[in-house]
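Undergrad: Assemble the whole structure, with the sequences as input and the hints as a guide.
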Amino acid sequence: MGVQVKICGVTTGEAADAAIRARADFLGLVFHPASPRHLAPEQAAALAARAKGAVRLVALLVDPADEAVSAAVSAARPDFLQLHGGEAPARVAEIRAKFGLPVIKALAVADIADLAQVPIYEDAADMLLFDAKAPAQASRPGGHGAAFDWRMLRGRRFRKPWLLAGGLDVGNVARALATAEAPGVDVSSGVESAPGVKDAEMIRAFVEAAKNARFASQTTETPA
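Each residue of the sequence shown is one higher than the last, beginning at 1029 in my numbering.
Treat the hints as calculated values from the structure; they're not laboratory data.
With a Cα cut of at most 35 Å, we get these calculated DSBU-like pairs of lysine-lysine:
1) K1239 with K1188
2) K1126 with K1161
3) K1080 with K1161
4) K1188 with K1161
5) K1080 with K1126
6) K1161 with K1239
7) K1188 with K1126
Cβ-Cβ distance ranges computed for the label pairs, FRET-style:
8) D1139 with K1188: 16 to 24 Å
9) R1179 with E1042: 34 to 42 Å
10) D1045 with G1199: 21 to 29 Å
All figures in this text were calculated on a predicted structure; none of them were measured in a lab.
C-beta: ideal position from N, C-alpha, C; glycine also.
TA: Set out below in structure tokens:
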């Protein structure tokens, strides 16, 4: 299997079309009011209808109540749920069982100690996403364009599929994949011209760079 690419925080049909044309594997729809990428149910439904069958749809939520998950599922009919808050493993497993959908659990990483929680989340989730820990006082846990030291993941083997996120863009994605030995990547702000505004050409270039990363020069440099 080649490199898996997720374009997260899509808010327009044009961005969805660009991700599909570029052959992205996942399309993320955000249901979190604090994010500039937050979608109202009718917006999400329209985007999901446009993209369904062409890409795997992911509904992203942050520490959601059951009612919020139900609303997102009704609007987007996603293939995956992404939990991007501080959800405990038991809550991840509960949501997965209650809604009958595979779950991607985002884990915030700042130092090596943050990886100690991985095994218990592997028991609860279907996929993991390693993202940089949000800055202090941030209103949302992701989408800040910050990176962590990718070398912390190098050489590790996980029981579940996983994606690398945080501070990725067309200029560093090949290096990030090589350094972390990641099977896939997730990008949001790195393909935007402004917060919440995806750029079709940036999406195309990012997916192309990620998919061709195996042919890029290998390096173990730290994040830029």
